[in-house]
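Colleague: Hey, can you work out the whole structure from these sequences and the hints?
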Amino acid sequence: MNVPIRCLIAEDDVDDQEIFSIAVSELEGQYDCTYTLNGIEALERLTHDSLLPHYIFLDLNMPRMNGIQCLAEIKKQDRLSQTPVVIYSTSSGQSFIDDALRHGAATFITKPSRISDLVTILNEFFITQINNK
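Numbering (my numbering), first residue to last: 1 to 133.
Simulated from the structure, these hints should not be mistaken for lab results.
Hints may contain errors.
To be verified - Label-pair ranges, simulated between beta-carbon atoms: (1) D117 - V14: 16 to 22 Å; (2) N123 - L51: 21 to 27 Å; (3) S92 - N123: 17 to 23 Å; (4) T47 - T120: 30 to 36 Å; (5) S21 - D98: 28 to 34 Å; (6) Q94 - T34: 29 to 35 Å; (7) Q30 - N132: 16 to 22 Å; (8) S92 - L51: 31 to 37 Å; (9) N61 - T34: 17 to 23 Å; (10) E26 - D78: 33 to 39 Å; (11) S92 - V14: 29 to 35 Å; (12) S81 - I130: 17 to 23 Å.
Quick caveat: nothing in here was measured; it's all calculated off a predicted structure.
Even glycine gets a Cβ: it sits at the ideal position worked out from N, Cα and C.
Modeller: Printed below as a string of structure tokens:
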């Protein structure tokens with residue numbers, strides 16, 4: 001029996017949550033996704049849940065705590081420091097990408113306009129992660 005890949009997605013836009021959910025459902029394998037609306041909620045879940053995610057996806061621009069701030073807090077926690085964190089955003093400027101990578105993001109994904117493109121991007125990301133383990 002295969003264990004589902006657990007993902008935590010912090011995304012304040014419920015439409016973007018739905019798009020991500022649809023894209024993940026089209027991937028090979030089993031994925032168990034949990035959604036929060038901002039970085040504070042994500043950190044609370046990560047602090048209190050005993051079962052940690054395999055991957056964390058953070059929207060860059062969220063209220064209360066943005067993706068970079070949340071990423072910095074995640075990387076401070078020993079139990080999460082090795083968990084791959086992806087910054088996921090409509091912003092695609094090089095300065096945003098550089099900032100995310102400097103703070104320890106595994107990668108930066110620019111939100112595509114089509115679900116099929118997101119499926120391709122996520123598939124490539126997960127394959128790369130599996131091959132690098």
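Colleague: Looking back at the hints listed earlier, which ones does the structure fail to meet?
Modeller: Those not satisfied come down to hint 11.
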